[in-house]
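Peer 1: Sequence:
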Amino acid sequence: MHSRLAKIGAILADETRAEILTALMDGRGRTGGELARFAEVAPSTASEHLSKLLDAGLVTVEAQGRHRYFRIASDEVAAMLESLGAAAPVNAFRSPAPAALTYARSCYDHLAGELAVLIFDQLINDGHLDRVDGHLQLSESGTALLASTGIDIEALRRSKRPIVRSCLDWTQRRNHLAGAAGAALLGISLERRWVIRGSQPRSIRLTSQGRTALAERIGLALE
9 MHSRLAKIGA ILADETRAEI LTALMDGRGR TGGELARFAE VAPSTASEHL SKLLDAGLVT
69 VEAQGRHRYF RIASDEVAAM LESLGAAAPV NAFRSPAPAA LTYARSCYDH LAGELAVLIF
129 DQLINDGHLD RVDGHLQLSE SGTALLASTG IDIEALRRSK RPIVRSCLDW TQRRNHLAGA
189 AGAALLGISL ERRWVIRGSQ PRSIRLTSQG RTALAERIGL ALE
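The numbering used here puts the first residue of the sequence shown at 9, with every later residue one more than the last.
Check before you lean on any hint, since a few could be wrong.
Across the chosen pairs, the derived CB separations fall in these ranges [to be verified]: (1) Q217 x S52: 42 to 48 Å; (2) T157 x A107: 43 to 49 Å; (3) R225 x A18: 40 to 46 Å; (4) A107 x R76: 30 to 36 Å; (5) Q130 x S207: 26 to 32 Å; (6) R205 x K15: 43 to 49 Å; (7) S207 x G37: 17 to 23 Å; (8) S207 x S147: 36 to 42 Å.
Pairs of lysine-lysine residues, derived as DSS-like cross-links and limited to a Cα-Cα distance of at most 30 Å, are as follows [unchecked claim]: (9) K168 x K15; (10) K168 x K60; (11) K60 x K15.
Think of the hints as simulated: they come from the structure by calculation, not from any bench.
Yeah, the Cβ is synthetic: ideal placement off N, Cα and C, and Gly gets one too.
Could you put together the complete structure from these sequences and hints?
Peer 2: Written as structure tokens, this is what we have:
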């Protein structure tokens, strides 16, 4: 385990690799060329860094025709990266997170940022999420709430992932909802246009329909 941690630490210590991972944290597949432009390095340099990330098991690659698309390897890897961002000193980053990313962004396949933390807190306070023996669980009322949005509860139960899991938010340094339910909630929100993707990687925008849905469905009234 020690050697594994040391290897991952060395991988993440490089700023270019950190930039590449940041670009992939929106859950989308991106080509090496796209990642090179995001990290502001030559394609050959990006390729070298991507090889190291692949070797470390932090990203995966999928070939589609002539293109190869890179993605974060798993929800667990995304959670680790988000938590490391929360634990790092503020001055460890190139610059503060843009306001849009601080308020709402994707964290791999679920919602993160101030909005996500507010939703998580509301679910906890209303008893839709419970902690049993230190583990987060979806309560009966929480199950009914998710079902009312159109989420397939049986699909959540069949998932190999935990149905609900907390993820330490990078900018808020508090928990937001992850796991299969977190992914399903972001998915249905995008499908119903309660939220839409912004122009920046990872950025998410709350729509007026989404503001209404939050108030009516979970009792979260936003100013």
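Peer 1: For which of the previously enumerated hints does the structure constitute a violation, in increasing order of number?
Peer 2: As far as the earlier hints go, 2 and 6 are violated by this structure, in ascending order.
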